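Enquirer: Everything in the sequence shown is counted per the numbering used here, starting at 1 for the first residue and increasing by one.
Since no wrong hints were added, every one of them can be taken at face value.
With a Cα cut of at most 30 Å, we get these calculated DSS-like pairs of lysine-lysine:
(1) Lys-161 x Lys-176
(2) Lys-9 x Lys-68
(3) Lys-37 x Lys-161
Think of the hints as simulated: they come from the structure by calculation, not from any bench. Predicted model, so just to flag it, every value in this text is computed and none were measured.
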Amino acid sequence: MLKEQNWVKKEGEFLVFPGGGTQFKYGVTHYVEFIEKALPVIKWGKNIRVVLDVGCGVASFGGFLLDKDVITMSFAPKDEHEAQIQFALERGIPATLSVIGTQQLTFPTNAFDLIHCARCRVHWDADGGKPLLELNRVLRPGGFFIWSATPVYRDNDRDSKIWTAIVSLTKSICWKVVAKTVDSSGRGLEVNASWYAPLRQCISKLPSGGVQKWPELWHKQLVSVKPQSVSADTKTSKKDTEKWSEIVSDVYLERLAVNWYSVRNVMDMNTGFGG
Numbered sequence: 001m002l003k004e005q006n007w008v009k010k011e012g013e014f015l016v017f018p019g020g021g022t023q024f025k026y027g028v029t030h031y032v033e034f035i036e037k038a039l040p041v042i043k044w045g046k047n048i049r050v051v052l053d054v055g056c057g058v059a060s061f062g063g064f065l066l067d068k069d070v071i072t073m074s075f076a077p078k079d080e081h082e083a084q085i086q087f088a089l090e091r092g093i094p095a096t097l098s099v100i101g102t103q104q105l106t107f108p109t110n111a112f113d114l115i116h117c118a119r120c121r122v123h124w125d126a127d128g129g130k131p132l133l134e135l136n137r138v139l140r141p142g143g144f145f146i147w148s149a150t151p152v153y154r155d156n157d158r159d160s161k162i163w164t165a166i167v168s169l170t171k172s173i174c175w176k177v178v179a180k181t182v183d184s185s186g187r188g189l190e191v192n193a194s195w196y197a198p199l200r201q202c203i204s205k206l207p208s209g210g211v212q213k214w215p216e217l218w219h220k221q222l223v224s225v226k227p228q229s230v231s232a233d234t235k236t237s238k239k240d241t242e243k244w245s246e247i248v249s250d251v252y253l254e255r256l257a258v259n260w261y262s263v264r265n266v267m268d269m270n271t272g273f274g275g
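Starting from the given sequences, assemble the full structure and let the hints guide the process.
Expert: Spelled out as structure tokens, the structure:
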């Protein structure tokens, strides 16, 4: 652990996460407020509700956004020094081990409103830009990509060249830089299976007939079907939600010998529609 990092500390019998890692020197609250100031169009919990955090550390970014009605999927590669993903899961934040390498991420197309990378050390322009094109696949039309780094990289010749390469790449795939080093809005792709699929160096056209720029409001989105969902209708999705609402409230919460106050993370096997 670097001496100046402040992402975890011990207080008595507990581990406390102040959110002061390499990128969040002044805390994650200050960092999120900076994002809001730099790009006011971002409204957490309204037009931004589903986020992917690349290279998440102990997921302080995703944990902070929970209070803003934002669900963040956090991932990072295996850390040789600290079990950061384990810390994230024990905090009750959705997180998994993953890496952007040669295979596509196991997320469907157009899944996220915003993708975040704070000094995540991913070479987005590598291999003809395949890593960035993978983000393009999982980012919804009109979504945002936040790519930030500490100021020390601003005058570094190598990092300046990387920035120039990224700008060229984003222009080639019709992304628009709306605030330097803060946000970029992107375009999505057609629906396709991503499991065990190699990264691609191409972009598919958007589905004909148009796609909504933003999904339904958050509470409606839970029981509605996304435009790209072709295997179910609204009635089926609503019925699934109602069924599980009854089961959870009448059986799981009342009749199982589980202290739900001690449960923070749940893995739902064979989840179906996620009801």
